[in-house]
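For this one, chain L is given, so just place chains R, P, W, X, E and Z on it according to the hints.
Chains as they are written, first to last, in the working numbering: chain L, 1 to 73; chain R, 1 to 73; chain P, 1 to 73; chain W, 1 to 73; chain X, 1 to 73; chain E, 1 to 73; chain Z, 1 to 73.
It should be emphasised that the hints constitute simulated quantities derived from the structure, not laboratory data. Even for Gly, the Cβ is constructed at its ideal location relative to N, Cα and C. Hints are not guaranteed to be accurate.
[As the list claims (entries may be wrong)] Subject to a maximum C-alpha distance of 25 Å in a straight line, what follows is the list of computed DSS-like cross-link-like pairs (lysine-lysine):
1) X/K48 with L/K21
2) P/K21 with X/K21
3) W/K54 with W/K12
4) P/K54 with R/K14
5) W/K54 with P/K48
6) E/K21 with P/K21
7) X/K54 with Z/K12
8) P/K54 with R/K12
9) Z/K21 with X/K54
10) W/K21 with E/K54
11) R/K21 with P/K54
12) R/K21 with X/K21
13) E/K48 with Z/K21
14) R/K54 with L/K48
15) W/K21 with E/K48
16) Z/K21 with R/K21
17) E/K21 with L/K21
18) W/K21 with R/K21
19) E/K14 with Z/K21
20) W/K48 with W/K14
21) E/K21 with W/K21
22) P/K21 with R/K21
23) Z/K21 with X/K21
24) E/K48 with Z/K54
25) Z/K48 with E/K21
26) E/K48 with P/K21
27) W/K54 with P/K21
28) L/K48 with X/K48
29) L/K54 with X/K21
30) W/K48 with P/K12
31) Z/K54 with E/K21
[Said to hold, decoys possible] Reference listing, derived: stretches of chain E covered by chain W, where coverage requires no fewer than 3 residues with Cβ under 8 Å from a Cβ of chain W:
32) 5-12
33) 38-44
34) 59-65
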Amino acid sequence: MDRPIDVLNNAKGKRILVRLKNNSQISGVLMALDLHLNMWLDDAQETKDGETTKLGTVLIRGDTIVMASPAEQ
Amino acid sequence: MDRPIDVLNNAKGKRILVRLKNNSQISGVLMALDLHLNMWLDDAQETKDGETTKLGTVLIRGDTIVMASPAEQ
Amino acid sequence: MDRPIDVLNNAKGKRILVRLKNNSQISGVLMALDLHLNMWLDDAQETKDGETTKLGTVLIRGDTIVMASPAEQ
Amino acid sequence: MDRPIDVLNNAKGKRILVRLKNNSQISGVLMALDLHLNMWLDDAQETKDGETTKLGTVLIRGDTIVMASPAEQ
Amino acid sequence: MDRPIDVLNNAKGKRILVRLKNNSQISGVLMALDLHLNMWLDDAQETKDGETTKLGTVLIRGDTIVMASPAEQ
Amino acid sequence: MDRPIDVLNNAKGKRILVRLKNNSQISGVLMALDLHLNMWLDDAQETKDGETTKLGTVLIRGDTIVMASPAEQ
Amino acid sequence: MDRPIDVLNNAKGKRILVRLKNNSQISGVLMALDLHLNMWLDDAQETKDGETTKLGTVLIRGDTIVMASPAEQ
Numbered sequence: 001m002d003r004p005i006d007v008l009n010n011a012k013g014k015r016i017l018v019r020l021k022n023n024s025q026i027s028g029v030l031m032a033l034d035l036h037l038n039m040w041l042d043d044a045q046e047t048k049d050g051e052t053t054k055l056g057t058v059l060i061r062g063d064t065i066v067m068a069s070p071a072e073q
Numbered sequence: 001m002d003r004p005i006d007v008l009n010n011a012k013g014k015r016i017l018v019r020l021k022n023n024s025q026i027s028g029v030l031m032a033l034d035l036h037l038n039m040w041l042d043d044a045q046e047t048k049d050g051e052t053t054k055l056g057t058v059l060i061r062g063d064t065i066v067m068a069s070p071a072e073q
Numbered sequence: 001m002d003r004p005i006d007v008l009n010n011a012k013g014k015r016i017l018v019r020l021k022n023n024s025q026i027s028g029v030l031m032a033l034d035l036h037l038n039m040w041l042d043d044a045q046e047t048k049d050g051e052t053t054k055l056g057t058v059l060i061r062g063d064t065i066v067m068a069s070p071a072e073q
Numbered sequence: 001m002d003r004p005i006d007v008l009n010n011a012k013g014k015r016i017l018v019r020l021k022n023n024s025q026i027s028g029v030l031m032a033l034d035l036h037l038n039m040w041l042d043d044a045q046e047t048k049d050g051e052t053t054k055l056g057t058v059l060i061r062g063d064t065i066v067m068a069s070p071a072e073q
Numbered sequence: 001m002d003r004p005i006d007v008l009n010n011a012k013g014k015r016i017l018v019r020l021k022n023n024s025q026i027s028g029v030l031m032a033l034d035l036h037l038n039m040w041l042d043d044a045q046e047t048k049d050g051e052t053t054k055l056g057t058v059l060i061r062g063d064t065i066v067m068a069s070p071a072e073q
Numbered sequence: 001m002d003r004p005i006d007v008l009n010n011a012k013g014k015r016i017l018v019r020l021k022n023n024s025q026i027s028g029v030l031m032a033l034d035l036h037l038n039m040w041l042d043d044a045q046e047t048k049d050g051e052t053t054k055l056g057t058v059l060i061r062g063d064t065i066v067m068a069s070p071a072e073q
Numbered sequence: 001m002d003r004p005i006d007v008l009n010n011a012k013g014k015r016i017l018v019r020l021k022n023n024s025q026i027s028g029v030l031m032a033l034d035l036h037l038n039m040w041l042d043d044a045q046e047t048k049d050g051e052t053t054k055l056g057t058v059l060i061r062g063d064t065i066v067m068a069s070p071a072e073q
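One chain only, chain L, in its complex shape (with noise of 0.2 Å):
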């Protein structure tokens, strides 16, 4: 059986759906990932209280997140 991380890896060059813990919701293209799910995002944008902003490239420091989706299942 895999690790959970595997469910991640296994999304790299697609779209993924990350939530933080301040709640709100990235949308981005995953290039990189480590352990500590610190995350590289391309093409990223940010939804919170209803409201989108771009964010383009962007690291993610993984401790600020909850949960990680793909986005294509």
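The following block gives chains R, P, W, X, E and Z in isolation, referenced to the frame of chain L:
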């Protein structure tokens, strides 16, 4: 006697219920688990404040978890 | 003299009471325990704000725990 | 010169007062102690917001503690 | 495939945008970076609640950071 | 050049002032100190919201401390 | 290229400005620094909510710091 995490190791491939620190409740099929309680769930959904959201396949970060139970007891 | 955790090691197979950081109180039979105070409880129930919920078999993450006591003293 | 924890090591078998991060105050007889300040107390009681609750034998998780004092000085 | 932090390593000497856990936004030229995401920024300014403050040269502690992006994409 | 903690090592046996994360201020004679900033104080008292409480001999957990100063400068 | 902390190592013996997580601002002469960003400041003062308090010689715990800057740039 077993380790605490064995209660979840024995539930692999089965549905579990997970309570998060932000008070949301996740239900999903446990696919993978590590010692930090990072979890890969399939067919997951989240219930918070009486509202249910489909999550599908999701990685949950272990440090956001309060408790977890096998759903079929 | 014993280690602090021995007060729970001596309670294996018996009912304990666990107070969580979110102020809920869990009662359950202690099945397994590790040094992080992760716990596997059977026949557990949670009381919060005067309301009681059945949890059954549950894994509680150690870092959410404030204190724990043997129920039968 | 001693280590800070020696102030409690010298209090083993005697009553101590423990202040928790949630502002409750615990009084109990110190039975065991480790370097994380996890503590096993006997004959413990908790005072919070002017109300006192009997705890009996209890394990307190060290990371919830602000300070601790020998009760008999 | 690269590590997440490479998205910032590639931005050394260039302007980046940093979001902090307290919701302020820092803009500055990235001079140095470590694995904890501690950052040395030059010519930095902070925007919070619509107000902008000049910071000049600043060290930002990594554990206060939510995300960071290259400003010129 | 010295280490930061030397400012307190030089104050052993003398009165120091300690500010806690919960905004209370402790004054006491520093008897012992470790690298986590755990401190053993004698003849301590706490001031919070204008009210002063006698603590006597107390162990303060280092992770609750914001800053500390020698009282006699 | 330097490490982030070098921006402060280069400021030893000079005045720096430190922002804490509780939003207070400390100004003081940097006497010593370690990798956790624990700092020994001399001739320090704190500004919070428009009010300034003399601190004199002070040890600041690194984990309470958001950012720090040389005052003379």
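Run the structure past the numbered hints and jot down the numbers of the failing ones, going up. 19, 30, 32
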